[in-house]
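Protein chains in written order, with the working numbering: chain A, 31 to 405; chain B, 255 to 567.
Hints listed in this document are in silico derivations from the structure and should not be mistaken for laboratory results.
In this text, a Cβ means the ideal position worked out from N, Cα and C, and glycines have one as well.
Treat each hint with caution, since some may be false.
Taking CB as the label site, the calculated pair distances span [to be verified]:
(1) Glu443/B <-> Ile68/A: 27 to 35 Å
(2) Ser65/A <-> Leu435/B: 47 to 55 Å
(3) Gln350/A <-> Asp319/B: 50 to 58 Å
(4) Asp319/B <-> Val375/A: 47 to 55 Å
Simulated pairs of lysine to any residue, SDA-like, Cα-Cα distance not exceeding 20 Å [said to hold, decoys possible]:
(5) Lys59/A <-> Pro314/B
(6) Lys371/A <-> Phe286/A
(7) Lys57/A <-> Gly393/B
(8) Lys57/A <-> Leu351/B
(9) Lys57/A <-> Ile67/A
(10) Lys57/A <-> Glu349/B
(11) Lys59/A <-> Ala232/A
(12) Lys59/A <-> Glu349/B
(13) Lys57/A <-> Ala394/B
(14) Lys59/A <-> Glu48/A
(15) Lys59/A <-> Phe286/A
(16) Lys59/A <-> Glu376/B
(17) Lys57/A <-> Thr352/B
(18) Lys59/A <-> Arg46/A
(19) Lys371/A <-> Leu239/A
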Amino acid sequence: MTDRSRRWGRVGALLRKEWRQLFRDPKTKRIIFVSPIIQLLLFGYAVNTDVHRVATWVVDHEGSATSRALQDALTAGGYFRIVGRSDRPADLARALDRGDAVIGIEIPPAFGGDLAAGRSPAVQVLVDGTNSNTGTVAQGYVTRIVQRFGTERAAGPNRPAAGVDLVARAWYNPGLTSLVYNVPAVLGALVFMMSLLLIGLAVVRERELGTLEQLLVSPLTPGELMLGKTLPVAAVALIDLVLVATVAILWFEVPFRGSPVALVLATLLFALAALGMGLLISTVSRTQQEAFMAMFLLILPALILSGFMYPIHTMPEAFQALTLVNPVRWYIEIVRALFLKGATVAELWRPYLALTLMGIGVFAVATWRFRRAVG
Amino acid sequence: MNPTAGDPVVVLEGLTRRFGTAVAVADLSFAVERAELFGIVGPDGAGKTTTLRLLAGVLPPTSGDARLFGISVAREPERVKPQLAYMAQRFGLYEDLTVAENIHFYADLYRVPRRERADRIERLHAFSRLGEFSDRLAGALSGGMKQKLALSCALVHRPALLLLDEPTFGVDPISRRDLWLILHEMVAEGVTIVVSTSYLDEAERCDRVVLLDRGRVLAFDRPAALQAAFPGRLLSVATAEPRDARDRLRDHPAVARATLFGRNLHVQLAPGGSPEAVAAALAAAAIPTEGIVAIEPSLEDVFIDRVAGSAVS
Chain A
31 MTDRSRRWGR
41 VGALLRKEWR
51 QLFRDPKTKR
61 IIFVSPIIQL
71 LLFGYAVNTD
81 VHRVATWVVD
91 HEGSATSRAL
101 QDALTAGGYF
111 RIVGRSDRPA
121 DLARALDRGD
131 AVIGIEIPPA
141 FGGDLAAGRS
151 PAVQVLVDGT
161 NSNTGTVAQG
171 YVTRIVQRFG
181 TERAAGPNRP
191 AAGVDLVARA
201 WYNPGLTSLV
211 YNVPAVLGAL
221 VFMMSLLLIG
231 LAVVRERELG
241 TLEQLLVSPL
251 TPGELMLGKT
261 LPVAAVALID
271 LVLVATVAIL
281 WFEVPFRGSP
291 VALVLATLLF
301 ALAALGMGLL
311 ISTVSRTQQE
321 AFMAMFLLIL
331 PALILSGFMY
341 PIHTMPEAFQ
351 ALTLVNPVRW
361 YIEIVRALFL
371 KGATVAELWR
381 PYLALTLMGI
391 GVFAVATWRF
401 RRAVG
Chain B
255 MNPTAGDPVV
265 VLEGLTRRFG
275 TAVAVADLSF
285 AVERAELFGI
295 VGPDGAGKTT
305 TLRLLAGVLP
315 PTSGDARLFG
325 ISVAREPERV
335 KPQLAYMAQR
345 FGLYEDLTVA
355 ENIHFYADLY
365 RVPRRERADR
375 IERLHAFSRL
385 GEFSDRLAGA
395 LSGGMKQKLA
405 LSCALVHRPA
415 LLLLDEPTFG
425 VDPISRRDLW
435 LILHEMVAEG
445 VTIVVSTSYL
455 DEAERCDRVV
465 LLDRGRVLAF
475 DRPAALQAAF
485 PGRLLSVATA
495 EPRDARDRLR
505 DHPAVARATL
515 FGRNLHVQLA
525 PGGSPEAVAA
535 ALAAAAIPTE
545 GIVAIEPSLE
555 DVFIDRVAGS
565 AVS
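Isolated chain A, as found in the complex (with noise of 0.2 Å):
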């Protein structure tokens, strides 16, 4: 027998042997099958930032045709539903302050004389800005609304005879929903999750149990030790990838425009970052209580700097500094583009490149330790 079909060899006995234990337990399976498209669920139903049939409570001071129409442009889009109507402000405040409604709007007495006079009656909108997401969006819906109402009405003589007429079309998820652009994001915070949950304990498992020291006495190497655990938690990523990307797009309806191909190559980037750090992770926790603490402080950073939930445009700078050497960000943006834009990896070069070395930094990092920590 050679050298190298002994190294493989010992490999295959630990990757069949990993293998087994992590379709035995009930528990990991779970874990494995189940809990991603729970949280595909969550996050595609729950976590909802679309603006659609917001509580607006109304405060009608003319009662004029004019202004019932203006009520009616509201909620023909479907974006606005009237919860209440009062003639005096304090309904509205009350409104707002109980959570009964998240716009108000206050139609001034004379709205329909001013307007048809050709002067420029002030509505007035009030926004809950304690939902400040859905606040904003719905606080743009309105102002356009109300505008484009008071442009189509507004008398001869003032009507802006040659304005601008600004038509605003969001491209690759043009009806903005949240579920579009949440979905493909929900893909990278489960595989950073999974792979870095799975590798970790299944080294600081082996710690705890004591069997690691009994595989460090057998010919098995640091190296191969790395590869037959790191091997079947890269497969189960990419398992889970096609399970969230099958239900995103059967059951999300989420277009996927751009090669699989593309998918899988940044899949194995990122989970080779991820289980850098899951590894690095093991080399310092004696329990599994310990890498599960250390995980936890490691992913929610992670997740926050990623642009999963808030976008990093709109972070200080130092922050979106960070996110630079966050590869969740970069798996995310790739996902994105690829799910929504059809993008290329010519066209995606940064995020590849940047995942590519991070992935192999991290990767490179982690293994120098585990020699080290192990060996």
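Using the hints, position chain B against chain A.
For chain B alone, kept in the frame of chain A given last:
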């Protein structure tokens, strides 16, 4: 890598390991012959586990070296590993795998040829009686069974050298007996075994022992030779009040040392001391005795004598 029959299998040369400023083992030098059942004996914290881990190559020495089959463990651990088996005190079993899967995993890891495998496993089952539990999960075995499975896993690649760290710790008396029978059988087949234990009755089964205390070698010889070299005569005093008897005899000029052994008192006579002097001293203190007899020192007596001797010096 085929040492001649006369060469020792294990040679320690000033093997030392420190953890920070604490010295776990200091300057250990001794040799273990081929097909020897060699015992490392000492109380908790003596450095038994550290010594075995150093020999297994799991822990690098601070200074000194150990050569196994003539190969330096510190410099070439990879070359030693295939011939070695190390069974830690808590040998890790994969509790979510079955008995058969555990054994096969180690067989795979050491590349045991498929055609030899069935025969070897059958032989292992013959002593361990684990055959009928092949499909049971390792986690569902009793303590003694687990230990036998661990030994089976360690032996499946037929190591020439077996390092065992307190293999009978927490094992029931019958399984303990079984384990020792297996070890004797293996030594008969030419395997070299280094075993640590804190049970001195077990140490007496070894061909040679090294007594460790606080990381240093106190004694190194055949158990019988150590017992023969015991200084002074030894008496066993049966009494209902062993503690009072010990306190009374401790400073008596006829007595070198008095040690409680269960409900008896072992009294090591000082030069010139006699059983009559001991009996008279106890009678004078009105401590009733049920018999004073001269006995052969056990390894435990030897050990207590050596440990106390080293504490004084």
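Against the structure, the hints:
| no. | hint | result |
| --- | --- | --- |
| 1 | Glu443/B <-> Ile68/A: 27 to 35 Å | violated, 57 Å |
| 2 | Ser65/A <-> Leu435/B: 47 to 55 Å | holds, 50 Å |
| 3 | Gln350/A <-> Asp319/B: 50 to 58 Å | holds, 55 Å |
| 4 | Asp319/B <-> Val375/A: 47 to 55 Å | holds, 53 Å |
| 5 | Lys59/A <-> Pro314/B | violated, 39 Å |
| 6 | Lys371/A <-> Phe286/A | holds, 8 Å |
| 7 | Lys57/A <-> Gly393/B | holds, 17 Å |
| 8 | Lys57/A <-> Leu351/B | holds, 15 Å |
| 9 | Lys57/A <-> Ile67/A | holds, 15 Å |
| 10 | Lys57/A <-> Glu349/B | holds, 15 Å |
| 11 | Lys59/A <-> Ala232/A | holds, 14 Å |
| 12 | Lys59/A <-> Glu349/B | holds, 17 Å |
| 13 | Lys57/A <-> Ala394/B | holds, 18 Å |
| 14 | Lys59/A <-> Glu48/A | holds, 13 Å |
| 15 | Lys59/A <-> Phe286/A | violated, 28 Å |
| 16 | Lys59/A <-> Glu376/B | violated, 34 Å |
| 17 | Lys57/A <-> Thr352/B | holds, 18 Å |
| 18 | Lys59/A <-> Arg46/A | holds, 16 Å |
| 19 | Lys371/A <-> Leu239/A | violated, 48 Å |
Of the hints listed earlier, those the structure fails to meet are numbers 1, 5, 15, 16 and 19, in rising order.
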